[in-house]
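Visitor: When you get a sec, could you build the whole thing from the sequences and use the hints?
Just so we're aligned: the sequence shown equals residues 174 to 710 in this note's numbering.
Hints listed in this document are in silico derivations from the structure and should not be mistaken for laboratory results. Accuracy of the hints is not assured; some may be wrong.
Claimed, not checked - List of simulated lysine to aspartate or glutamate pairs, EDC-like, C-alpha gap at most 20 Å:
id, residue 1, residue 2
1, 280, 503
2, 357, 332
3, 473, 397
4, 597, 222
5, 329, 279
6, 473, 663
Said to hold, decoys possible - With beta-carbon atoms standing in for the labels, derived distance ranges:
id, residue 1, residue 2, range
7, 503, 634, 48 to 58 Å
8, 516, 324, 35 to 45 Å
9, 350, 600, 22 to 32 Å
10, 490, 423, 10 to 20 Å
Beta carbons: idealized from backbone N, C-alpha and C, even for Gly.
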Amino acid sequence: MNSEKPGVGRRGFLKRAGLVSAAAAGAPLAAAAPAEALDLNLDLDLGIDLSWLFGRNRYQWLVGDHHIHTQYSYDAMYTVDGIADGARRHGADWAVITDHGHASHEKSSVERTNAAIRAAQREHRDLLLWQGMEWNVPGAEHATLFFQAGADQAAKLREFERAFDWRLTGTEPGTPDNEALAVKAIRWLAAEERARRIHAPVVVINHPLRNGRVAPHEIRALRDAAPGIVIGMEGAPGAQADGFPKPLGSGGGARGGYGNSPGSNSWPGFPESAYRTYGGFDWSTATVGGLWDSLLAEGKPWWITSNSDSHYNRGDTLVRPGVPDGYYDEHGGYPDPIDTGVPQNLPPYADFAPAEFSRTVVGATRRSHEAVLEGLRAGRVWVVHGGLAQELEFGAYSGWSSATMGGRLRVRRGDDVTVVVSAKLAARPNGGGTIPRLARLDLVSGPVTGPAADRDTQTAPGTRVVRSFEPRWAPGRRVAFRHTFRNVREPFFVRTRGTDGRKHVPGGIEPSVDVVGQSNPFEDLWLYGNPIFVDVR
174 MNSEKPGVGR RGFLKRAGLV SAAAAGAPLA AAAPAEALDL NLDLDLGIDL SWLFGRNRYQ
234 WLVGDHHIHT QYSYDAMYTV DGIADGARRH GADWAVITDH GHASHEKSSV ERTNAAIRAA
294 QREHRDLLLW QGMEWNVPGA EHATLFFQAG ADQAAKLREF ERAFDWRLTG TEPGTPDNEA
354 LAVKAIRWLA AEERARRIHA PVVVINHPLR NGRVAPHEIR ALRDAAPGIV IGMEGAPGAQ
414 ADGFPKPLGS GGGARGGYGN SPGSNSWPGF PESAYRTYGG FDWSTATVGG LWDSLLAEGK
474 PWWITSNSDS HYNRGDTLVR PGVPDGYYDE HGGYPDPIDT GVPQNLPPYA DFAPAEFSRT
534 VVGATRRSHE AVLEGLRAGR VWVVHGGLAQ ELEFGAYSGW SSATMGGRLR VRRGDDVTVV
594 VSAKLAARPN GGGTIPRLAR LDLVSGPVTG PAADRDTQTA PGTRVVRSFE PRWAPGRRVA
654 FRHTFRNVRE PFFVRTRGTD GRKHVPGGIE PSVDVVGQSN PFEDLWLYGN PIFVDVR
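Guide: Take a look at the structure:
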């Protein structure tokens, strides 16, 4: 086996971060073996085929975005064709149009959007395009909803919107009755799927902590109402360009719009720190041992995604034409945008185009709508900002059994489990004008302890970074490391993340809070991979 040995600089970094002593103590679930850098350009003496481990012979990894707005949203402007064109230009393979639930949208826009999507599909045959919606969740805030329903797509979306969107049903406040209606909506989707009137519905909680309006018990209730439909949450919100400082932006916005304080509908159990992003990611995702990990500690699937939340893309030359007050309420949409030829760096919302900055990458068995939906539901997903890495591969094996992101590895008590993390480094400049450098990959692990007695639990004791690896950087190079959990005794989960290493909490390795008005997203880049569960029998 060929390997590159970590240098003194790396050990010095880990010692400063407190990881050398942690390594000596071992993982909380098993004795730890040293992380080992690997040269994946050569064959490895692992006793397992890496192509099989990573699913290279099974999956193609498709870039996409599940949260996008058009002229049929009350606060956006783009045509469906314009969205499709921009998505392909930035490398997207799939995209979901998710205009806001609204009385005028339900009345006037659903069928018009459907016709525009069908036309865009004919024009952009290399883009998998869906019609979905951004659902105003009763008792909470927003979620992406999409599915396959063939010729009945628009009719089924309208049926759902009319019955379950809080803008149409007057069920916004966080009351028990309104929360129960949200659960009823998920059960309706499950029943429609069983009856084969829709196929593979997917619901993702959008910007979960932006306003603190979706409590941990609501997340658990929605997830448990129909496992496999409510698949997870946006680990990072869209609107990442909102935090640019002057003169690149307004100097007053926050990444993802996370510049808020608790409101009348906010759940009171969230700390003030939950209302900010950390390296562009939601507090629930960025906090090791936090809300995301508390959900994973139950041993149930809960995946993260990323997206653009495109409304008005920074630097675009298009503007929405002036219209009288009440125009959207009357028409359910806006006229096509006008090209001014002048870049707009201070739009009402500073978003990026689909796949321009945020990417959700899905492992699909083939290039089709159904395969992307199946990959999302299975958790074969990793997310990345600003092109920090071209590829991320993540697998675990024991003996001849293996699993990749979203999978389960079943082992006997006392077995060893080896995890391999691989990334292909960036080779071209991103939208910030530089080639991003992946400075570190982390391996995060925590015990699986079963369903939480307190449904509002938002911590996962015992979860920590068990290994960090600093790759030797060169454009386009493939880097990797492996880590072995020895003598595994109890079930656990393991996930990975990476960073450009430019911003951390003082003296540590955790992401630092994004400062409102002073957060250039290209100067603090992260990527995250969804977990693998290890079941012990």
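Visitor: Each hint should be assessed against the structure and marked as holding or not.
Guide: Now for the hints, and whether the structure bears them out:
no., hint, result
1, 280 / 503, "holds (10 Å)"
2, 357 / 332, "holds (14 Å)"
3, 473 / 397, "holds (9 Å)"
4, 597 / 222, "holds (18 Å)"
5, 329 / 279, "holds (11 Å)"
6, 473 / 663, "holds (16 Å)"
7, 503 / 634: 48 to 58 Å, "holds (54 Å)"
8, 516 / 324: 35 to 45 Å, "holds (41 Å)"
9, 350 / 600: 22 to 32 Å, "violated (54 Å)"
10, 490 / 423: 10 to 20 Å, "holds (18 Å)"
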